[in-house]
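The listed protein sequences correspond, in order, to chains R and X. Those letters in the first sequence? Residues 1 to 100, per our numbering, in order. Those letters in the second sequence? Residues 1 to 143, per our numbering, in order.
Hints are computed from structural coordinates only; laboratory data are not their basis. None of the values given here were measured: they were computed from a predicted structure. Using N, Cα and C, we set each Cβ at its ideal position, and we do this for glycine too. Hints may be right or wrong, so weigh each one.
Stated by the list, open to error - Derived, one-sided and incomplete: chain R residues facing chain X with beta-carbon distance under 7 Å:
1. Val41
2. Val43
3. Asn44
4. Phe46
5. Ala47
6. Glu50
7. Ile74
8. Gly76
Listed below are the residues making up each chain.
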Amino acid sequence: MFYDADIDIFFTDFARAATFKHGAEEKEIKVVFNIEYQIGVDVNTFAGIETYRLMAEAKTADVLDAVHGDTLTIEGKTYYIHEVQRTDIGTTRLILSEVE
Amino acid sequence: MSKRQQIVDYLSTELKKILKTNGYNTDAGKNVFEWRDTPLQKTELPGIVFRDNLVNKTAGTIGMFRWLMRLEIAIFGKSASEIRSVIEDVIRVIGNCSETRFGGVAADVEIPEGEIVIERHDIVEGAAVLNFDVIYDAAKWSI
Numbered sequence: 001m002f003y004d005a006d007i008d009i010f011f012t013d014f015a016r017a018a019t020f021k022h023g024a025e026e027k028e029i030k031v032v033f034n035i036e037y038q039i040g041v042d043v044n045t046f047a048g049i050e051t052y053r054l055m056a057e058a059k060t061a062d063v064l065d066a067v068h069g070d071t072l073t074i075e076g077k078t079y080y081i082h083e084v085q086r087t088d089i090g091t092t093r094l095i096l097s098e099v100e
Numbered sequence: 001m002s003k004r005q006q007i008v009d010y011l012s013t014e015l016k017k018i019l020k021t022n023g024y025n026t027d028a029g030k031n032v033f034e035w036r037d038t039p040l041q042k043t044e045l046p047g048i049v050f051r052d053n054l055v056n057k058t059a060g061t062i063g064m065f066r067w068l069m070r071l072e073i074a075i076f077g078k079s080a081s082e083i084r085s086v087i088e089d090v091i092r093v094i095g096n097c098s099e100t101r102f103g104g105v106a107a108d109v110e111i112p113e114g115e116i117v118i119e120r121h122d123i124v125e126g127a128a129v130l131n132f133d134v135i136y137d138a139a140k141w142s143i
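Using the sequences and the hints given, assemble the complete structure.
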């Protein structure tokens with residue numbers, strides 16, 4: 001079972017700094033940045049394209065107002081938030097894309 | 001060699017001619033694959049994967065088998081506009097195949113349907129599938 005203290009350790013030891021932008025509002029938060037392999041556009045049982053999706057996990061409290069189209073800048077690179085997945089352990093997984 | 005094999009070989013050869021140097025919109029002809037069952041890599045975009053998927057015997061000339069072969073052509077690219085450009089190239093190829101009747105092997109060509117899908121991941125990716133039917137006559141009990 002996760003406790004808030006566990007989450008804090010998680011974001012202290014493994015996270016990196018990111019700038020979360022929601023509308024005109026910007027704030028510095030910590031996220032765990034990750035990449036997941038996946039196959040894109042597997043239409044009509046054709047094998048599709050090798051690709052990956054980018055995700056950043058943040059404390060839900062830091063990204064409560066996140067919506068599609070908001071941005072996350074990590075080490076100077078800006079990513080667009082395409083999905084907002086709330087977990088029941090106090091974190092939110094943001095699915096990112098390099099393209100809007 | 002069966003007529004079916006001749007038609008597939010003809011299509012493969014024509015698709016590989018999709019090069020800008022041949023007056024086409026794209027260089028998709030550099031990445032043409034028959035029945036590929038592994039995902040394309042980004043360096044292989046735009047790319048084309050095709051397969052002969054469905055064959056039906058239809059009413060035809062007495063003493064011959066008239067076949068209707070469904071060819072599926074999947075087009076993969078990095079943007080909707082790129083995919084549309086390849087679609088135009090592929091349609092042109094199919095037109096050429098239709099005019100020559102696949103080198104005199106086929107009786108007719110029809111384009112029944114198609115679809116396009118776009119997704120966004122680390123890059124924009126998309127695919128379109130064009131289906132068309134090739135009708136041809138083969139000797140009895142052959143393809």
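Note to self: So, as I understand it, the hint says phenylalanine 46 of chain R touches chain X; can you test that by seeing if any CB pair is closer than 7 Å?
What the structure shows: At about 4 Å, which falls below the 7 Å cut-off, the nearest Cβ of chain X leaves the hint on phenylalanine 46 of chain R intact, so it holds.
Margin query: Hint valine 43 of chain R vs chain X: min CB-CB distance below 7 Å?
Written below: holds, 5 Å
Notebook entry, point to check: Does valine 41 of chain R meet its interface restraint, that is, does its C-beta lie within less than 7 Å of any C-beta in chain X?
Noted result: holds, 4 Å
Margin query: Less than 7 Å between beta-carbons is the criterion; does glycine 76 of chain R satisfy it with respect to chain X?
Written below: violated, 16 Å
Margin query: Next item in the hint list is glutamate 50 of chain R. Is there a CB on chain X closer than 7 Å to its CB?
Written below: Result: holds, 4 Å to nearest chain X Cβ.
Notebook entry, point to check: Is the shortest C-beta separation between alanine 47 of chain R and chain X less than 7 Å?
Noted result: Holds, because the Cβ-Cβ distance from alanine 47 of chain R to chain X comes to roughly 5 Å (cut-off 7 Å).
Item checked: Minimum beta-carbon distance criterion (7 Å), isoleucine 74 of chain R to chain X -> violated, 13 Å
Checklist line | Closest C-beta approach of asparagine 44 of chain R to chain X relative to 7 Å, hint status | finding: holds, 5 Å
Violated hints, listed in ascending order, are 7 and 8; each of the other numbered hints is respected by the structure.
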